[in-house]
Amino acid sequence: MLLDEKLFDKFGVEYEPNDIIFCEFEPGNDFYFIQSGRVEIVKIINNREKTLDILGPGDVFGEMAILEEEPRSASAIAIDHVKLLRFRRENFDALLQGNPQLAYKLLVIFSKRIYDAKRRLMILLLDDPQLKVMDVMNMLAEQDPHLDVQEPVTLRVTVQEIANWAGMQINDVQKILTHLNKLGKIELFNDRVVVRNIRDFQRLVNSRRKSMYA
Amino acid sequence: MSNGSPTQGITTRTYKPGSIVYFENDKSENIYILKSGLIILTSQKLETGEEVKEEVRPGEFFGVKSALGRYPREETAQVIKESVVLVLTLADFERLILKNVNVVLKMLRIFSNQLRRIGRAVREVLGETSTINPEEELFKIGEYYYRAGRFNQARYAYNKYLDYYPNAKYSDLATKRIREIDSGQAESNIAPQPVKRKEVETSTEELKDFTLDDDIDSMPAKESVVDEMDDFLGENDSASSDFDIADESPKHEDISSLFYDAMSFYSQSEYESALQIYKKILNQKALKNDAENKIYQKAHFEIGRTYFKMGQYNEAIEAFSLLMKKFPQSELNVNALYHLAMIYEVKKQFDKAKSYYQKVISLAAKEEIGKQASRRLKNLESR
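Taken in order, these protein sequences are the chains called A and B.
With the working numbering, the residue at position 150 of the first sequence is 150, and numbering never jumps.
With the working numbering, the residue at position 50 of the second sequence is 50, and numbering never jumps.
These aren't lab readings, by the way, just hints derived from the structure by calculation.
For every residue, glycine included, the Cβ atom is placed at its ideal position computed from N, Cα and C.
Just to be clear, a hint being listed does not mean it is correct.
Claimed, not checked - Pairs of lysine to any residue residues, derived as SDA-like cross-links and limited to a Cα-Cα distance of at most 25 Å, are as follows:
| # | chain 1 | residue 1 | chain 2 | residue 2 |
| --- | --- | --- | --- | --- |
| 1 | A | Lys118 | B | Asn30 |
| 2 | B | Lys27 | A | Gln202 |
| 3 | A | Lys112 | A | Asp148 |
| 4 | A | Lys175 | A | Arg156 |
| 5 | B | Lys45 | A | Asn206 |
| 6 | B | Lys285 | B | Lys347 |
| 7 | A | Lys118 | B | Lys325 |
| 8 | B | Lys348 | A | Asn18 |
| 9 | A | Lys43 | A | Val60 |
| 10 | B | Lys169 | A | Ile44 |
| 11 | B | Lys371 | A | Thr178 |
| 12 | A | Lys210 | B | Gly119 |
| 13 | A | Lys182 | A | Met139 |
| 14 | B | Lys53 | B | Thr14 |
| 15 | A | Lys118 | A | Met139 |
| 16 | B | Lys354 | A | Leu188 |
| 17 | A | Lys210 | B | Gln78 |
| 18 | B | Lys99 | B | Gly18 |
| 19 | B | Lys106 | A | Leu188 |
| 20 | B | Lys309 | A | Asn46 |
| 21 | A | Lys210 | A | Lys105 |
| 22 | A | Lys112 | B | Lys106 |
| 23 | B | Lys325 | B | Gly311 |
| 24 | B | Lys53 | B | Val122 |
| 25 | B | Lys53 | B | Asp26 |
| 26 | B | Lys359 | A | Glu90 |
| 27 | A | Lys118 | B | Gln114 |
| 28 | B | Lys347 | A | Ile45 |
| 29 | A | Lys105 | B | Glu60 |
| 30 | A | Lys112 | B | Leu126 |
| 31 | A | Lys112 | B | Ala121 |
| 32 | A | Lys83 | A | Ala94 |
| 33 | B | Lys169 | B | Gly149 |
| 34 | A | Lys83 | A | Asp148 |
To be verified - Heads up, incomplete: computed chain B residues facing chain A, CB under 8 Å, no partners named:
| # | residue |
| --- | --- |
| 35 | Glu47 |
| 36 | Lys65 |
| 37 | Leu68 |
| 38 | Leu96 |
| 39 | Leu98 |
| 40 | Val104 |
Pulled out of the complex, with its shape left as it was, chain B reads as follows (with noise of 0.2 Å):
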């Protein structure tokens, strides 16, 4: 079937009519050109199984893709009339087509179509077709370089967004957010106010499950990690159902009410604002009754949790000191260990981050935060 002759490494090899050159997935690294004679490449669409057959002309290359790309073949090239190919290695094929710019332009046309087409496929079938808004994507890449403190970064982003959206939804706020980097005050205010961001926030809470993804030395995973906290802070997570947004400051210094104004920002991500009213309630002095106690005492532990979601550690490591120094019988305290534990993970200070998890989980053995604790204790362990 082939009588090879090899003239500069390129061999020659005449097939018979019903012959197979190669069979689909076939692993090699031969290139062909079909000199003369008729060859039909069958293969399968990917949607829907259907044979594509695809005829081979005289002066064609076939076997480009999957030599090139080391892959399997994709489709059976079988011999339908006598025909002479010529057999390319990939040096050969290399050497030959530098010498002919123009055909790997002509094949690199063929080859951006069909990965336009397989990617229209791809968007189809994942349903992205309308969903993503680069607009508002490219405003969120600079937010989150803004709120990581890198700053160069973001401000590439807003300039980007701002020549390409000049009058759009977020002009106003990169307009201010280079100001703020520019001038120097964004260094004092990471993390102000973040844009609501919905699908973000949405996504992040599904980590909540980190068996796989909790791969720490890929922080800032402080997203992730806090939406786990909010496991434990049950009433907490009904804040965003249950409360109004508060738009303005409460008319009224009632204790209760404020915290939950509080709760109103933090579920929104206004981390300054729910601060604000936090410190608040640290201010008042006159406490009526046990239940605001406990408000007071939970508002100590929520000034800690909102500087920890800011990513501002040190002033969350003040917060939970200062919680467990005032009342240091307060059932919140396993969960303020248990967040300076994160705390000195993020900080890479593991020693602090083992010591911490192993008191919540002597406090806590039985409980889901308890588990939480070993689970990431055994975690760094394994690093």
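One chain only, chain A, in its complex shape (with noise of 0.2 Å):
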């Protein structure tokens, strides 16, 4: 989906390779739209950057503004020369009316988006750390719908991203993480973990969930 040529002359900005376009922890009013080259978002987590995504040419990012003025949660670099199509809070109604195709997409990103916290939020309410570790994994599993959950599935994950996912320190994860791999129900590696049976750690999940709610 490409937006009209008109649009940019009136909300187009160019942006150089390696240039900012907003920075982790900024304020933020303004979300994007890309017409063409490519943005790398990218978070900086115990000083390490890491790159969170890689977008391109129809692409829309920063859409959190929308919402609320809130700092940014990460931030915005271009990769190539980038032409995109800024848009204020203010003026989204009224840019929306004209670009029905970009609310339909920002209806599908938002649903994902909701999932997604949700799915969180179930994860963080667990009151057990290892099944937090746990369900970090199924949920990381159900992302892919392909995977074949009777046999051992390879998450790309490092501890870190777990630690984050399950709001816990990457001490403890690891010691977790190394129990779980004497026990053999995981296999370490540098950049993914290989569960044996994820239907295991499904089960054992389900069944703490219903009974924290009896």
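With the hints in hand, could you dock these two chains into one complex?
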């Protein structure tokens, strides 16, 4: 989906490679639509820059600014020479009236966001650290609908990421992973975890969830 | 129960009271509009497990979010009064609402409210409500890029900091940094004394365990790499607690107190100041005794370690090489070799890195440093 050329005259902005479009923790009012070029979304976690996503033409970013004025949760950096449409919260309605495609796209993005946030909340609400770690793996497995849960599943994830999802200290997560590894439930690699039987984890988490509410 | 009558691909179904349109956890890409009747959506509150019931009125959509987001249904849709329902595929839905943007806007508003509510709940569970100070964090982003030598990005963050917080804690420092960048001075002193970054420092220490997150590709990992090394320098670990923070240069030239002053600067990440004192120690000619001789050797090592921490790898290599040349028997050399290996790993000269790790292993196979070296070597070889 590409938007009307006329919009570019009004809302167009251009960036050179490596330019910051917006920066983590900066207050944000605008959201962006990519006309051409690529944009990298990065976050500095524990003194390392991590790439969260690479976006291209047709993609939207910074859309959380539509909701409320909160600091940006990540930085956006131009990879190539980038042409963007920049929209302010104030003229959001007018913009969408003229561009129903964009409205639809946002609807899809928000649906996914809501689910991801809910899913994460479900993990955080578990009262047992080991189950939290397991449920992060369940969640990651759910994200790939083609995964065969009868077989061992490979999840591309680091300890740091699991700790972020579970809202836990990395050391605690490490201990639990080491333990699960010793029990033969998982295998640990530098960049991935292999879970022998993910249905096992699902069962454990589900039964705890039921008893939590009982 | 259903009497499909396709109109533009959209089908109509009639449901009897008590029947179910879909169950929680069902997967489907259908979206529904209630034409007439009454349907109740039943879900559970995440926090309490409490049942939540929501009425669908004629003219309203249901099943939208899970179909659009392609995830399992989060609620069960049960028919209360005989109902007529329009069943839309995703394509139907898209076609339909593109003609009626107001519907989308209304949905977006509902969705964004929900998202906001869940976001709040997540932050509450994490206890994050008050801990993050965006002002300080924004400045730290500038510092990160500054030390990484990515000056344009650093300048952007500093400028934004000054825009939003013109008279705040780090305004002067941000101004100074921009000046350093613009004058080209920053180039020559990448990674001068970073502001004390308590939270960041403690959290990088948590990376000590590196079975999984030891991803050299995503360098700069130098922080975490260096922190591993602190394990081998037990006595230095206590530096921050044992020694008072010295604001001024030492008054007397006692070599051991010089050394501890330098360590104290080092532990506060004031690397330039630490380096100055270490270099002063290197200039001492008359060493009184064995103890002083040891400190003298150690200062050589520490210069290398400090440059390493600053990301000035060539200087670090030079310092470690000098140590090994001047004191071929020094017990610090194993650690120096380990550092050289890490430097070459960061510089992506993997063959050199491997051969240095091998040297460490051959010298100290049984010790912790040897074990770490073999772990890192294995890591490199599995690339």
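Verification of the hints:
1. Only pairs whose Cα atoms come within 25 Å are accepted, and Lys118 (chain A) paired with Asn30 (chain B) is accepted, the gap being roughly 21 Å.
2. Restraint check: the Cα-Cα separation between Lys27 (chain B) and Gln202 (chain A) comes to about 17 Å, which is no more than 25 Å; the hinted pair holds.
3. For the given pair, Lys112 (chain A) sits about 22 Å from Asp148 (chain A) by alpha-carbon distance, which is consistent with the 25 Å threshold.
4. Among the hinted pairs, Lys175 (chain A) with Arg156 (chain A) is consistent with the structure: their alpha-carbon atoms are about 19 Å apart, no more than 25 Å.
5. Taking the CA atoms of Lys45 (chain B) and Asn206 (chain A), the gap is near 15 Å; set against the 25 Å cutoff, the hint holds.
6. For a cut-off of 25 Å, the pair hint linking Lys285 (chain B) to Lys347 (chain B) is broken: about 35 Å separates their Cα positions.
7. Restraint check for Lys118 (chain A) and Lys325 (chain B): not satisfied, since their Cα atoms lie roughly 60 Å apart, outside the 25 Å limit.
8. Straight-line distance between C-alpha atoms of Lys348 (chain B) and Asn18 (chain A) comes to about 22 Å, which keeps the hinted pair within the 25 Å bound.
9. Note on Lys43 (chain A) and Val60 (chain A): the hinted pairing holds, with a Cα-Cα distance of about 17 Å set against a maximum of 25 Å.
10. Pair hint Lys169 (chain B) plus Ile44 (chain A) holds up; C-alpha atoms about 21 Å apart against a cutoff of 25 Å.
11. At roughly 17 Å between alpha-carbon atoms, Lys371 (chain B) and Thr178 (chain A) fall within 25 Å of each other, so this suggested pair holds.
12. Taking the CA atoms of Lys210 (chain A) and Gly119 (chain B), the gap is near 23 Å; set against the 25 Å cutoff, the hint holds.
13. About 22 Å separates the Cα atoms of Lys182 (chain A) and Met139 (chain A), which keeps this hinted pair within 25 Å; it holds.
14. A threshold of 25 Å between alpha carbons decides the hint, and for Lys53 (chain B) with Thr14 (chain B) the separation of about 22 Å falls inside it, so the pair holds.
15. Between Lys118 (chain A) and Met139 (chain A), the direct Cα distance comes to roughly 11 Å. Compliance with the 25 Å bound is thereby established for this hinted pair.
16. With a CA separation close to 23 Å, the supplied pair Lys354 (chain B) and Leu188 (chain A) stays within the 25 Å bound.
17. A hinted pair counts as satisfied when its Cα atoms are at most 25 Å apart, and Lys210 (chain A) with Gln78 (chain B) qualifies at roughly 22 Å.
18. With a C-alpha separation of about 34 Å, the suggested pairing of Lys99 (chain B) with Gly18 (chain B) is violated against the 25 Å cut-off.
19. The hinted pair formed by Lys106 (chain B) and Leu188 (chain A) fails the criterion: a straight-line CA distance of about 46 Å is larger than 25 Å.
20. For the given pair, Lys309 (chain B) sits about 15 Å from Asn46 (chain A) by alpha-carbon distance, which is consistent with the 25 Å threshold.
21. The hinted pair formed by Lys210 (chain A) and Lys105 (chain A) fails the criterion: a straight-line CA distance of about 35 Å is larger than 25 Å.
22. Restraint check: the Cα-Cα separation between Lys112 (chain A) and Lys106 (chain B) comes to about 17 Å, which is no more than 25 Å; the hinted pair holds.
23. Of the supplied pair hints, the one linking Lys325 (chain B) and Gly311 (chain B) holds, its CA atoms being roughly 23 Å apart against a limit of 25 Å.
24. With a C-alpha separation of about 23 Å, the suggested pairing of Lys53 (chain B) with Val122 (chain B) holds against the 25 Å cut-off.
25. Restraint check for Lys53 (chain B) and Asp26 (chain B): satisfied, since their Cα atoms lie roughly 18 Å apart, inside the 25 Å limit.
26. The straight-line distance between the Cα atoms of Lys359 (chain B) and Glu90 (chain A) is roughly 64 Å, outside the 25 Å bound, and the hint therefore fails.
27. The straight-line distance between the Cα atoms of Lys118 (chain A) and Gln114 (chain B) is roughly 10 Å, inside the 25 Å bound, and the hint therefore holds.
28. For the given pair, Lys347 (chain B) sits about 21 Å from Ile45 (chain A) by alpha-carbon distance, which is consistent with the 25 Å threshold.
29. With a C-alpha separation of about 20 Å, the suggested pairing of Lys105 (chain A) with Glu60 (chain B) holds against the 25 Å cut-off.
30. Between Lys112 (chain A) and Leu126 (chain B) the CA atoms are separated by roughly 21 Å; this keeps the pair inside 25 Å, and the hint holds.
31. About 17 Å separates the Cα atoms of Lys112 (chain A) and Ala121 (chain B), which keeps this hinted pair within 25 Å; it holds.
32. Only pairs whose Cα atoms come within 25 Å are accepted, and Lys83 (chain A) paired with Ala94 (chain A) is accepted, the gap being roughly 21 Å.
33. For the hint linking Lys169 (chain B) to Gly149 (chain B), the alpha-carbon distance of about 23 Å falls within 25 Å, and the restraint holds.
34. A threshold of 25 Å between alpha carbons decides the hint, and for Lys83 (chain A) with Asp148 (chain A) the separation of about 41 Å lies outside it, so the pair is violated.
35. For the restraint placing Glu47 (chain B) at the interface with chain A, the shortest Cβ-Cβ distance is roughly 6 Å, inside the 8 Å limit, so the hint holds.
36. For Lys65 (chain B), the interface hint holds, since its Cβ comes within 8 Å of a Cβ in chain A; the closest pair sits about 4 Å apart.
37. The beta carbon of Leu68 (chain B) comes within 4 Å of a beta carbon in chain A, closer than 8 Å, and the hint placing it at the interface holds.
38. For Leu96 (chain B), the shortest C-beta to C-beta distance to chain A is roughly 10 Å, which exceeds 8 Å, and the interface hint is violated.
39. Here the hint on Leu98 (chain B) is kept, as its CB sits about 4 Å from the closest CB of chain A, short of 8 Å.
40. For the restraint placing Val104 (chain B) at the interface with chain A, the shortest Cβ-Cβ distance is roughly 4 Å, inside the 8 Å limit, so the hint holds.
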